[in-house]
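Student: All residue numbers for the sequence shown refer to the working numbering, where the first residue is 1 and numbers rise by one.
Because the hints were derived from the structure by calculation, they are not lab data. Here the structure is a predicted model, which is why all the values come from computation and not from measurement. Treat the hints loosely; a few may be bogus.
[What the hints assert, rightly or not] Straight-line distance between alpha carbons at most 25 Å, and here's what the computed DSS-like set of lysine-lysine pairs gives:
1) K168 - K196
2) K162 - K22
3) K162 - K272
4) K225 - K108
5) K168 - K225
[Said to hold, decoys possible] Between beta-carbon pairs, the in silico distance windows are:
6) A288 - Q139: 23 to 33 Å
7) H9 - D91: 30 to 40 Å
8) K272 - F80: 20 to 30 Å
9) S264 - A288: 24 to 34 Å
10) G165 - A277: 13 to 23 Å
Glycine residues also receive a C-beta, built at the ideal position from the N, C-alpha and C atoms.
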Amino acid sequence: MRIIRHYEHGAPSVLRLEEVEKPQPGTGQVLIRAEAIGVTFAEVQRRQGIPIGGHAGLPGAPGGDVAGTIEAVGDGVTGFAVGDRVVGDIDQNAYADYVVSGTDWLIKIPQDLDAAEATLLPSPAQTAYHAIRESGRLQPGQTIVIDAAAGGVGHLAVQIAKALGAGKVIATASTQAKLDFARELGADVTINYSDKDWTDQVLAATDGRGADIVLETVGGDVLLKSLGITAQFGTLVFYGSASGDIPDLPTLALSRMKNVAGFSLYAMLYNKQDAVAEGQRHLFELIASGQVKPVVHDRLPLDEAVKAHELMEARAQLGKIVLVP
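Required output: the full structure, derived from the provided sequences and hints.
Tutor: Structural data, given as structure tokens:
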């Protein structure tokens, strides 16, 4: 079978396509024939040598959100069978024709669900949903700012926030095409965070009080400015750092009764299984009803993984970039 690996850190060109033996599932594992693999920015950063999630070792074999069909099951597996269609967040060796996975966090998906769209369920959709609901604790009628609103997580967050009753969704992005995309998805206000006065625009859109919730995943200067547009008694939710820069937060700003909450999907998976299960059930309902529509920007063959990473680095995508074996 084919797999993508890299033996040094650097540009997308370090990614190599190799031929290896098809793996076999061990105890408690299943073998999945991959139909689609969602590309995440975390893997771009790991390829660059940034230790996202604590690891960026060599040789590298990128992870991702994989949708496919179970072809074999190992000893001790219950609840899953050959022929089941599933999707899951695969930590490593995901850019491949076949992947081996444990079953703890696999999600069964309908036979008629598009595989590429399904790759948005494990990480992007659950991150957006729980960052808003668990960390942000959105209440009906509240105002929320969503940074990077055209990306894999952001475009879902716009739709999920509306579905959960947000009174005003303010989407920020870096190009007019992304802003138009966010508005098509339901954003009430769109602002280019490349503008020098983007924070003033947010304050103007909130009558000077700031937003009840700010979802921030850029880091660096954007994170610091996002704290400034968070309302008193509001919450800044930090769930990623696309810039690779995580600054020190000025604690004095918190004296204005502002809250800062982190978010980790893995913390949710390991410690709030009931909330995760309920969130997944609700997400399926929202997708089935059309209130949330996962958007796939591009579907590329597995052997074009280099191009996929180039697109991610260019930050030009509207929605998710997916590899198709």
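Student: Hint by hint, say whether it matches the structure.
Tutor: Now for the hints, and whether the structure bears them out:
Restraint check for K168 and K196: the C-alpha separation of about 23 Å stays at or below 25 Å, so the hint holds. Distance restraint check for K162 and K22: the Cα-Cα separation of roughly 43 Å exceeds the 25 Å cut-off, and the hinted pair is therefore not satisfied. The suggested pairing of K162 with K272 holds, with an alpha-carbon distance near 24 Å, which does not exceed 25 Å. For the suggested pair K225 and K108, the alpha carbons sit about 40 Å apart, so the restraint of at most 25 Å is broken.
Among the hinted pairs, K168 with K225 is consistent with the structure: their alpha-carbon atoms are about 20 Å apart, no more than 25 Å. Between A288 and Q139, the C-beta spacing of about 25 Å keeps the proposed range 23 to 33 Å intact. Taking 30 to 40 Å as the suggested C-beta distance range, the pair H9 and D91 does not conform, at roughly 18 Å. Checked against the given bound of 20 to 30 Å, the beta carbons of K272 and F80, roughly 22 Å apart, stay inside it.
Checked against the hint of 24 to 34 Å, the C-beta distance between S264 and A288 comes to roughly 28 Å, which is consistent with it. The hinted window of 13 to 23 Å between G165 and A277 holds, with their beta carbons roughly 21 Å apart.
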